[in-house]
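Undergrad: Residues per chain, in single letters:
2 protein chains.
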Amino acid sequence: MIKKQPIPKPYLDRVLCLLKELKKRSLSGILVSQPENRRYLSGFKPSDPQLNESSGFLIIGKGLAILGTDPRFEEEAQKQAKGYYPFIYRKGLEASWPEVGISLKTMKKWAFEADSLSFHTFLRFKKLIRFQGNSIPFLPTYQLIEEIRAQKDRSEIKTIRRSLFITEGVFQEVIKTLRPGKTEKEIAWQLKQLIHQKGGDGLAFDPIVASGPNAALPHAEPSDREIQKGEPVLFDFGSKWKGYCSDLSRTVFLGRPTDRFKEVYSLVRKAQVQAEKGIRAGLTTTAADALARSVIEKGGYGEYFKHSLGHGVGLATHELPSLSPSKADLLKSGMVVTVEPGIYLPGWGGVRLENMAVIQEKNAKVLNKDQSFYNF
Amino acid sequence: MIKKQPIPKPYLDRVLCLLKELKKRSLSGILVSQPENRRYLSGFKPSDPQLNESSGFLIIGKGLAILGTDPRFEEEAQKQAKGYYPFIYRKGLEASWPEVGISLKTMKKWAFEADSLSFHTFLRFKKLIRFQGNSIPFLPTYQLIEEIRAQKDRSEIKTIRRSLFITEGVFQEVIKTLRPGKTEKEIAWQLKQLIHQKGGDGLAFDPIVASGPNAALPHAEPSDREIQKGEPVLFDFGSKWKGYCSDLSRTVFLGRPTDRFKEVYSLVRKAQVQAEKGIRAGLTTTAADALARSVIEKGGYGEYFKHSLGHGVGLATHELPSLSPSKADLLKSGMVVTVEPGIYLPGWGGVRLENMAVIQEKNAKVLNKDQSFYNF
Numbered sequence: 001m002i003k004k005q006p007i008p009k010p011y012l013d014r015v016l017c018l019l020k021e022l023k024k025r026s027l028s029g030i031l032v033s034q035p036e037n038r039r040y041l042s043g044f045k046p047s048d049p050q051l052n053e054s055s056g057f058l059i060i061g062k063g064l065a066i067l068g069t070d071p072r073f074e075e076e077a078q079k080q081a082k083g084y085y086p087f088i089y090r091k092g093l094e095a096s097w098p099e100v101g102i103s104l105k106t107m108k109k110w111a112f113e114a115d116s117l118s119f120h121t122f123l124r125f126k127k128l129i130r131f132q133g134n135s136i137p138f139l140p141t142y143q144l145i146e147e148i149r150a151q152k153d154r155s156e157i158k159t160i161r162r163s164l165f166i167t168e169g170v171f172q173e174v175i176k177t178l179r180p181g182k183t184e185k186e187i188a189w190q191l192k193q194l195i196h197q198k199g200g201d202g203l204a205f206d207p208i209v210a211s212g213p214n215a216a217l218p219h220a221e222p223s224d225r226e227i228q229k230g231e232p233v234l235f236d237f238g239s240k241w242k243g244y245c246s247d248l249s250r251t252v253f254l255g256r257p258t259d260r261f262k263e264v265y266s267l268v269r270k271a272q273v274q275a276e277k278g279i280r281a282g283l284t285t286t287a288a289d290a291l292a293r294s295v296i297e298k299g300g301y302g303e304y305f306k307h308s309l310g311h312g313v314g315l316a317t318h319e320l321p322s323l324s325p326s327k328a329d330l331l332k333s334g335m336v337v338t339v340e341p342g343i344y345l346p347g348w349g350g351v352r353l354e355n356m357a358v359i360q361e362k363n364a365k366v367l368n369k370d371q372s373f374y375n376f
Numbered sequence: 377m378i379k380k381q382p383i384p385k386p387y388l389d390r391v392l393c394l395l396k397e398l399k400k401r402s403l404s405g406i407l408v409s410q411p412e413n414r415r416y417l418s419g420f421k422p423s424d425p426q427l428n429e430s431s432g433f434l435i436i437g438k439g440l441a442i443l444g445t446d447p448r449f450e451e452e453a454q455k456q457a458k459g460y461y462p463f464i465y466r467k468g469l470e471a472s473w474p475e476v477g478i479s480l481k482t483m484k485k486w487a488f489e490a491d492s493l494s495f496h497t498f499l500r501f502k503k504l505i506r507f508q509g510n511s512i513p514f515l516p517t518y519q520l521i522e523e524i525r526a527q528k529d530r531s532e533i534k535t536i537r538r539s540l541f542i543t544e545g546v547f548q549e550v551i552k553t554l555r556p557g558k559t560e561k562e563i564a565w566q567l568k569q570l571i572h573q574k575g576g577d578g579l580a581f582d583p584i585v586a587s588g589p590n591a592a593l594p595h596a597e598p599s600d601r602e603i604q605k606g607e608p609v610l611f612d613f614g615s616k617w618k619g620y621c622s623d624l625s626r627t628v629f630l631g632r633p634t635d636r637f638k639e640v641y642s643l644v645r646k647a648q649v650q651a652e653k654g655i656r657a658g659l660t661t662t663a664a665d666a667l668a669r670s671v672i673e674k675g676g677y678g679e680y681f682k683h684s685l686g687h688g689v690g691l692a693t694h695e696l697p698s699l700s701p702s703k704a705d706l707l708k709s710g711m712v713v714t715v716e717p718g719i720y721l722p723g724w725g726g727v728r729l730e731n732m733a734v735i736q737e738k739n740a741k742v743l744n745k746d747q748s749f750y751n752f
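Line order of the protein sequences matches chains X and U.
Quick note on the working numbering: the first sequence kicks off at 1 and runs consecutively.
Quick note on the working numbering: the second sequence kicks off at 377 and runs consecutively.
A portion of the hints provided could be inaccurate.
To be verified - Per label pair, the in silico range of CB-to-CB distance: (1) X:Gln193 to U:Pro556: 19 to 27 Å; (2) X:Leu93 to U:Lys455: 35 to 43 Å; (3) X:Gly92 to U:Ser472: 37 to 45 Å; (4) U:Lys618 to X:Lys9: 45 to 53 Å; (5) X:Asp201 to U:Gly509: 49 to 57 Å; (6) X:Lys9 to U:Ile551: 43 to 51 Å; (7) U:Leu499 to X:Gln193: 40 to 48 Å; (8) U:Gln573 to X:Gly133: 57 to 65 Å; (9) U:Ile551 to X:Glu74: 28 to 36 Å; (10) U:Lys618 to X:Asp201: 21 to 29 Å.
To be verified - With a straight-line Cα cutoff of 27 Å, these simulated BS3-like cross-link-like pairs (lysine-lysine) come out: (11) X:Lys79 to U:Lys561; (12) X:Lys242 to X:Lys82; (13) X:Lys270 to X:Lys362; (14) X:Lys192 to U:Lys616; (15) U:Lys682 to X:Lys79; (16) X:Lys45 to X:Lys242.
For the record, the hints were derived by calculation from the structure and aren't laboratory data.
Beta carbons: idealized from backbone N, C-alpha and C, even for Gly.
Okay, chain X solo, but in the shape it has when bound (with noise of 0.2 Å):
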């Protein structure tokens, strides 16, 4: 029989989260398998290395708290997931299930994650419930934990800026060096470089330096193009710290400003600033987005804002809440989101100005302190 240990701050009060919102919906377990939800709730760091590899899963229940993973995580489990009783499975997870079967007797009614359990995991779980009684319920969930995963306590946005100023530092040190011949690749390794000088755990994700007529394209890759006088370099990037990323555009200019630039970039500015400003607790995603996106309509460049205006950032990149015109969820305090406004003109480049700010109860509280700016 598997021994309670007490599960420490602040992963209890995220567990005891969960189970309200399960309790709410009739469920009496979840068995939760997406790594970042898997480290939210247990502090449990390994992450998936590949799609198809696991490093483990957690089934949470009232008075139940199991991590299950292979032995190579043996170690990481013990130190790591404290107060989740480790279930080791040396034999396979199907020969070892009885381990921790009996104790799971409680659970009448699964959940599972409906977005990141693979279609075969699903298979093979529900067999080992069926070990259980066969009419046992296993119900998918959808974005359960990552809804609560939006609101973020005091520390957690602590650890978010300090992440936000690694990325702010590093793209001090680049612009500097900014010079015409360099390639967007070299560029893109420098970046890479110096988030690990500053002591960011890597890159959040995989960063976009554009030039010209690349940055053009909202998700262009670092190309072999040598960066010149008189077209935008558009950066967006990140680095992560201690699990949690950060996220960081800009776009500058290289030489003297063309009018055309000074437009774009003006009215992208205008319309974070807008976006910033009226963005807090209450109002809806929609209107969020649309905050910024009134602004660049007027200004005549509607057409060429031709993504969401931000989303939210904590352990995964992206995460929710999702500042998009298409669906109206409540912006609620805690919630820590990029402001990133861009226009991109096919053939000539772009402008993205991206912040991140935290969500309060009457306004929202920038987390950059970076200000360069251009003030056309």
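With the hints as your guide, set chain U onto chain X.
TA: For chain U alone, kept in the frame of chain X given last:
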């Protein structure tokens, strides 16, 4: 209606091979969601940035080759996946579906990849397929394309070898600068930098640099521990080049090797050589594993060889076949596998030596040039 364009080689051969496998199973087409399979069959390079963020999927059937992706990847879809109809779902997958739906009416029995499709995406596609007719089956397949991928063609083997040479070059430089007092993390960072300098596209996986007792953990993460005289240092890392991975393990001893190290090292090397000499097409993967395992068992260290002998390497670091004691598959010519026996002694450290080899009809050809093994 979708116009048919010729698919260029080598993708055409791969698609034809897949169609043959589908026919054997009476399946009229398949939805391909696994990122490496997608690239293997079409040339479409984007990876999936997050577990819940797909860059796209293929639909392949008789006379049918579609690449579905969102507008972010429109350019890549057209440039990279020649011969595939680019289905860009601008209004979201569901709303845009009618654009391709009519062309899919010949697909009477669909397959999908059970290991890479999330339960949620499975449901979404199942609904879309119902669009064609309520009773159209949507059936799971397991490792179908992975099995085709396991046997490499000449050009793939050349690419993997190039990736391995980059990795070996990095190792040779790193050991030149190995000094007591360097931390495992510093050395891991050096590996990363050198891969970049030598033209690699990046790391194939998170590198292992494990010294002293840390080397007893087969999957140790580089720590702040300083490497010391009188202990082993275990390296396991690899680069990527043009999408293909390499994987190399070496163990070196700082200072004068102890008798224990000499004994363990010689045994591991003997097991490796024995396996390299014995593997060939037609042998089972369990027999391959036993070639090395029997040497280590005879030497009295059987219980300390805690993992499988090896695995396939290609577009993914870990792919088919698995050279393990648990499941017997046949080795086939063209498979590229690692041969990596190891002995791990808790508290003391470990030794792992990993080469890569291509399976041939009558033997196997080791791809490594590095011959820096100790000869005790």
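Undergrad: All the hints need checking, so say for each whether the structure fits it.
TA: Against the structure, the hints come out as follows:
no., hint, verdict
1, X:Gln193 to U:Pro556: 19 to 27 Å, "holds (25 Å)"
2, X:Leu93 to U:Lys455: 35 to 43 Å, "holds (42 Å)"
3, X:Gly92 to U:Ser472: 37 to 45 Å, "holds (41 Å)"
4, U:Lys618 to X:Lys9: 45 to 53 Å, "holds (47 Å)"
5, X:Asp201 to U:Gly509: 49 to 57 Å, "holds (50 Å)"
6, X:Lys9 to U:Ile551: 43 to 51 Å, "holds (45 Å)"
7, U:Leu499 to X:Gln193: 40 to 48 Å, "holds (43 Å)"
8, U:Gln573 to X:Gly133: 57 to 65 Å, "holds (59 Å)"
9, U:Ile551 to X:Glu74: 28 to 36 Å, "holds (30 Å)"
10, U:Lys618 to X:Asp201: 21 to 29 Å, "holds (27 Å)"
11, X:Lys79 to U:Lys561, "holds (20 Å)"
12, X:Lys242 to X:Lys82, "holds (18 Å)"
13, X:Lys270 to X:Lys362, "holds (21 Å)"
14, X:Lys192 to U:Lys616, "holds (17 Å)"
15, U:Lys682 to X:Lys79, "holds (21 Å)"
16, X:Lys45 to X:Lys242, "holds (10 Å)"
Checked against the numbered hints given earlier, this structure breaks none of them.
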